[in-house]
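Trainee: For this one, chain A is given, so just place chain B on it according to the hints.
So the chains spell out like this:
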Amino acid sequence: MDLAGFSLNMHKYYLTHLQELESEAIYVIREVVAQFDRPAILFSGGKDSIVVTHLARKAFWPAKIPMPLIHIDTGHNFPETMEFRDKLVADLGVQLIVGSVQEAIDKGRAVEESGINASRNELQIVSLLDTIENNKIDAAIGGARRDEEKARSKERFFSHRDEFGQWDPKNQRPELWNIFNGRKRMGEHFRVFPISNWTEMDIWNYILQENIAIPSLYFAHNRNAVYRDGTWLPASEFLVLRDGETVENKLMRFRTLGDITITGGIESDADTLEKIVAEVSATRSTERGNRSDDKRSDTSMEDRKKQGYF
Amino acid sequence: MELLRFTTAGSVDDGKSTLIGRLLYDSKSIFEDQMAAVKQSSERKGLQHIDLSLLTDGLRSEREQGITIDVAYRYFATPKRKFIIADTPGHIQYTRNMVTGASTANLALVLVDARKGVVEQTCRHSYIASLLKIPHIIVCINKMDLVDYSEEAFNKVVEQYEDFAAKIDVTDIRYVPISALEGDNVVNDSVNMPWYKGESLLHTLETIHIGSDENHSDARFPVQTVIRPHAAEYHDYRGYAGRIAGGIFKPGDKITVLPSGLTSAIKSIDTFSGPVDEAFAPMSVSITLEDDIDVSRGDMIVKDDSEPQVSQDIDAMICWMGSRGPRPGAKYHLKNTTREVMAIIKEVYYKLDINTMEKLENGGDIKMNEMARVRLRTTQPVVFDEYRKNRITGSLILVDEATNETVAAGTIFL
Numbered sequence: 001m002d003l004a005g006f007s008l009n010m011h012k013y014y015l016t017h018l019q020e021l022e023s024e025a026i027y028v029i030r031e032v033v034a035q036f037d038r039p040a041i042l043f044s045g046g047k048d049s050i051v052v053t054h055l056a057r058k059a060f061w062p063a064k065i066p067m068p069l070i071h072i073d074t075g076h077n078f079p080e081t082m083e084f085r086d087k088l089v090a091d092l093g094v095q096l097i098v099g100s101v102q103e104a105i106d107k108g109r110a111v112e113e114s115g116i117n118a119s120r121n122e123l124q125i126v127s128l129l130d131t132i133e134n135n136k137i138d139a140a141i142g143g144a145r146r147d148e149e150k151a152r153s154k155e156r157f158f159s160h161r162d163e164f165g166q167w168d169p170k171n172q173r174p175e176l177w178n179i180f181n182g183r184k185r186m187g188e189h190f191r192v193f194p195i196s197n198w199t200e201m202d203i204w205n206y207i208l209q210e211n212i213a214i215p216s217l218y219f220a221h222n223r224n225a226v227y228r229d230g231t232w233l234p235a236s237e238f239l240v241l242r243d244g245e246t247v248e249n250k251l252m253r254f255r256t257l258g259d260i261t262i263t264g265g266i267e268s269d270a271d272t273l274e275k276i277v278a279e280v281s282a283t284r285s286t287e288r289g290n291r292s293d294d295k296r297s298d299t300s301m302e303d304r305k306k307q308g309y310f
Numbered sequence: 001m002e003l004l005r006f007t008t009a010g011s012v013d014d015g016k017s018t019l020i021g022r023l024l025y026d027s028k029s030i031f032e033d034q035m036a037a038v039k040q041s042s043e044r045k046g047l048q049h050i051d052l053s054l055l056t057d058g059l060r061s062e063r064e065q066g067i068t069i070d071v072a073y074r075y076f077a078t079p080k081r082k083f084i085i086a087d088t089p090g091h092i093q094y095t096r097n098m099v100t101g102a103s104t105a106n107l108a109l110v111l112v113d114a115r116k117g118v119v120e121q122t123c124r125h126s127y128i129a130s131l132l133k134i135p136h137i138i139v140c141i142n143k144m145d146l147v148d149y150s151e152e153a154f155n156k157v158v159e160q161y162e163d164f165a166a167k168i169d170v171t172d173i174r175y176v177p178i179s180a181l182e183g184d185n186v187v188n189d190s191v192n193m194p195w196y197k198g199e200s201l202l203h204t205l206e207t208i209h210i211g212s213d214e215n216h217s218d219a220r221f222p223v224q225t226v227i228r229p230h231a232a233e234y235h236d237y238r239g240y241a242g243r244i245a246g247g248i249f250k251p252g253d254k255i256t257v258l259p260s261g262l263t264s265a266i267k268s269i270d271t272f273s274g275p276v277d278e279a280f281a282p283m284s285v286s287i288t289l290e291d292d293i294d295v296s297r298g299d300m301i302v303k304d305d306s307e308p309q310v311s312q313d314i315d316a317m318i319c320w321m322g323s324r325g326p327r328p329g330a331k332y333h334l335k336n337t338t339r340e341v342m343a344i345i346k347e348v349y350y351k352l353d354i355n356t357m358e359k360l361e362n363g364g365d366i367k368m369n370e371m372a373r374v375r376l377r378t379t380q381p382v383v384f385d386e387y388r389k390n391r392i393t394g395s396l397i398l399v400d401e402a403t404n405e406t407v408a409a410g411t412i413f414l
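Taken in sequence, the protein lines are chains A and B.
Residue 13 in the numbering used here sits at position 13 of the first sequence, with consecutive numbering throughout.
Residue 203 in the numbering used here sits at position 203 of the second sequence, with consecutive numbering throughout.
If we strip away everything but chain A, and leave its shape as in the complex, we get:
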């Protein structure tokens, strides 16, 4: 938090919107640690989970973050994300739990999709639920925001999951004031979303304000990519070219980070945080517009969330 700004506001006794959102998120993260036995943070290497991890660090300072990070590894990663993850974990001195989609496929727990739009996005659900169960995680903190997607706009801060890890959107517990009900039966768990009330703009402004390190993929860089469905998909060993498609070298960056096979980039020359904030505030399309996993149907996010997706 910007201390100079903080003391300036002191005399008026109000917080800026970023200070209030930060305070709310820290409160939620502390509630998780107080109410649950084995919480964890779901860490994807994307900006939202990086912000959540930063908030967790603030919440328990000067102690370390008192819970592990969980990364669900699709095997289709950006190398930059993996390097970033390992450095962050080492700096924070926290435990890292990796759930491997490849392992789930090898064991026959998940079946690789086939066809032209095949991805490992939905297969993550199996690995995620297995990892939660095997490690007896009773609360998994995620970086989902309500502004991202319409099914997420009805999500609670404390979101109950049944013993199959499923979400029942029509039967959610009411959530009032700042009182969170984390009671559950054996085998059930919670997903918790401390940055529910943040928008993409808030995330970027906060990263700028706090000077939080993020993977280089978010900044403009030259990369080989293929234009498909209105977005630039990075060329990788997993990308199979279709008829008429060509690989081009583009100055581009990513607005969101996920599996390398489904995360499209945008043409951009924003190579500093300041330029990214300016670009995001001027942009006229949503960040998930570059995610082919959300384009499958009007309710594809809801359908995946019900099964246990992030």
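Possibly wrong hints are sitting among the right ones.
[As the list claims (entries may be wrong)] Cross-link-like lysine-lysine pairs, in silico, BS3-like; alpha carbons within 30 Å at most:
#: 1; chain 1: A; residue 1: 136; chain 2: A; residue 2: 64
#: 2; chain 1: B; residue 1: 45; chain 2: A; residue 2: 170
#: 3; chain 1: B; residue 1: 254; chain 2: B; residue 2: 389
#: 4; chain 1: A; residue 1: 64; chain 2: B; residue 2: 267
#: 5; chain 1: B; residue 1: 80; chain 2: A; residue 2: 275
#: 6; chain 1: B; residue 1: 254; chain 2: A; residue 2: 58
#: 7; chain 1: A; residue 1: 12; chain 2: B; residue 2: 303
#: 8; chain 1: B; residue 1: 331; chain 2: B; residue 2: 346
#: 9; chain 1: B; residue 1: 116; chain 2: A; residue 2: 58
#: 10; chain 1: A; residue 1: 58; chain 2: A; residue 2: 184
#: 11; chain 1: B; residue 1: 267; chain 2: B; residue 2: 303
#: 12; chain 1: A; residue 1: 64; chain 2: B; residue 2: 250
#: 13; chain 1: B; residue 1: 116; chain 2: B; residue 2: 156
#: 14; chain 1: B; residue 1: 267; chain 2: A; residue 2: 58
#: 15; chain 1: A; residue 1: 87; chain 2: A; residue 2: 250
#: 16; chain 1: A; residue 1: 184; chain 2: B; residue 2: 346
Calculated directly from the structure, the hints in this document are not laboratory data.
Mentor: Chain B only, in chain A's frame:
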């Protein structure tokens, strides 16, 4: 930039979706791909117009039935403020959703159809805003285009609402004549209503003074958890982590821990960025004390100049949210701030008709979406304030011991 949380309620007929759509669209918070998706879905359904409710109704069953089931949260920002809208449905489980949306709001937007005037739903919405102590109400008199932008029609509705408002406990009420469909007085001033000298709705939302909404006089700090680093550098560090629920704390302040009654003084107020000279609601901080006394989750640190109530008997207005009413003699987990105790409903004083605010002395059993004034009895003392003085320390929920469901929300009376 400040944050303003407001709630809306109403049905499609009131033009609520149109109004929210317009606020989002005119403040450039709807993106082109979202708009294109809504347009496509509207065309697929064979609609003549773009159905803006498709932006807010996200769940499969809502889209199928064309209704809103649950509270949806919407976000938009102008250069002056960030806004969070708790958008609550008009019909289904009205009370439960409205109370949920109202619990965190600083302001309520009440929509009135200029042709119909104040109706039952207007009253219900306003009563709930009043019971939940929302400090500000903006009455949007909508569909002015359908009454020829007439000042007389506007004044008639204002008069009606003022008569009714004498019964509710909200001091800051404002009136704006709008046409959500045409955009009059929503974001831009209307050229069709030169007689209206007030501000547009968005301008009012941007400038309404909310700095005094927090209680800055009675210092309250519910302890969430204890931070002990187990590191050589911070060997004896013991920080009490929490979010300030009221008042202002400073290092050196004499404090009491409740319910134990142990006393000490504040040694430091810490944050990740360093110690601070003072802390106020709603800041999340860690407090260290001069003395090594027993403090843990569920305790409240308060300043000696104003102490809250400490009691096992609590009078509250509850809104019942469980699908089945309370079972005789049932035990509940009562949660108030960070404290959790067992409780029973000892007595039901009366039920409240949420349409008329009438007390029903012999109202029968409490059912879902009903409100009742009750006496609760707890196994351990609870530390609380009157809800009208502090919305954080004066609120509670009841969790069913058998199902773990949140079955009731309550505001505390003295």
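Trainee: Check the hint pairing residue 331(B) with residue 346(B) against an upper bound of 30 Å on the C-alpha distance.
Mentor: Roughly 10 Å between the alpha carbons, so the hint for residue 331(B) and residue 346(B) holds.
Trainee: Need the status of pair residue 267(B), residue 58(A): alpha-carbon distance at most 30 Å?
Mentor: 20 Å, holds
Trainee: Between residue 64(A) and residue 267(B), is the straight-line Cα distance small enough, at 30 Å or below?
Mentor: Answer holds: residue 64(A) to residue 267(B) is near 22 Å, not above 30 Å.
Trainee: Quickly compare the C-alpha distance for residue 254(B) and residue 389(B) to 30 Å and report which way the hint goes.
Mentor: Since the Cα atoms of residue 254(B) and residue 389(B) sit roughly 22 Å apart, the hinted pair holds (cutoff 30 Å).
Trainee: Against the 30 Å threshold, does the CA-CA distance of residue 116(B) and residue 58(A) hold or violate the hint?
Mentor: It is violated: about 52 Å lies between the C-alpha atoms, which goes past 30 Å.
Trainee: So if I understand the rule, the pair passes when the alpha-carbon distance is 30 Å or less; does residue 80(B) with residue 275(A) pass?
Mentor: Status holds; Cα separation ~21 Å.
Trainee: So if I understand the rule, the pair passes when the alpha-carbon distance is 30 Å or less; does residue 136(A) with residue 64(A) pass?
Mentor: 21 Å, holds
Trainee: Is the straight-line distance between the alpha-carbon of residue 12(A) and that of residue 303(B) 30 Å or less?
Mentor: Measuring from Cα to Cα gives roughly 21 Å; hence the hint holds.
Trainee: Within a Cα-Cα threshold of 30 Å, do residue 45(B) and residue 170(A) meet the stated pairing?
Mentor: With Cα atoms ~23 Å apart, residue 45(B) and residue 170(A) stay inside 30 Å; holds.
Trainee: Need the status of pair residue 116(B), residue 156(B): alpha-carbon distance at most 30 Å?
Mentor: Satisfied, since the Cα-Cα distance of roughly 11 Å is no more than 30 Å.
Trainee: Check the hint pairing residue 64(A) with residue 250(B) against an upper bound of 30 Å on the C-alpha distance.
Mentor: 26 Å, holds
Trainee: For the pair supplied as a hint, residue 87(A) and residue 250(A), confirm whether the alpha-carbon distance does not exceed 30 Å.
Mentor: Holds: residue 87(A) and residue 250(A) sit about 28 Å apart, inside 30 Å.
Violated hint for the displayed structure: number 9, the only one.
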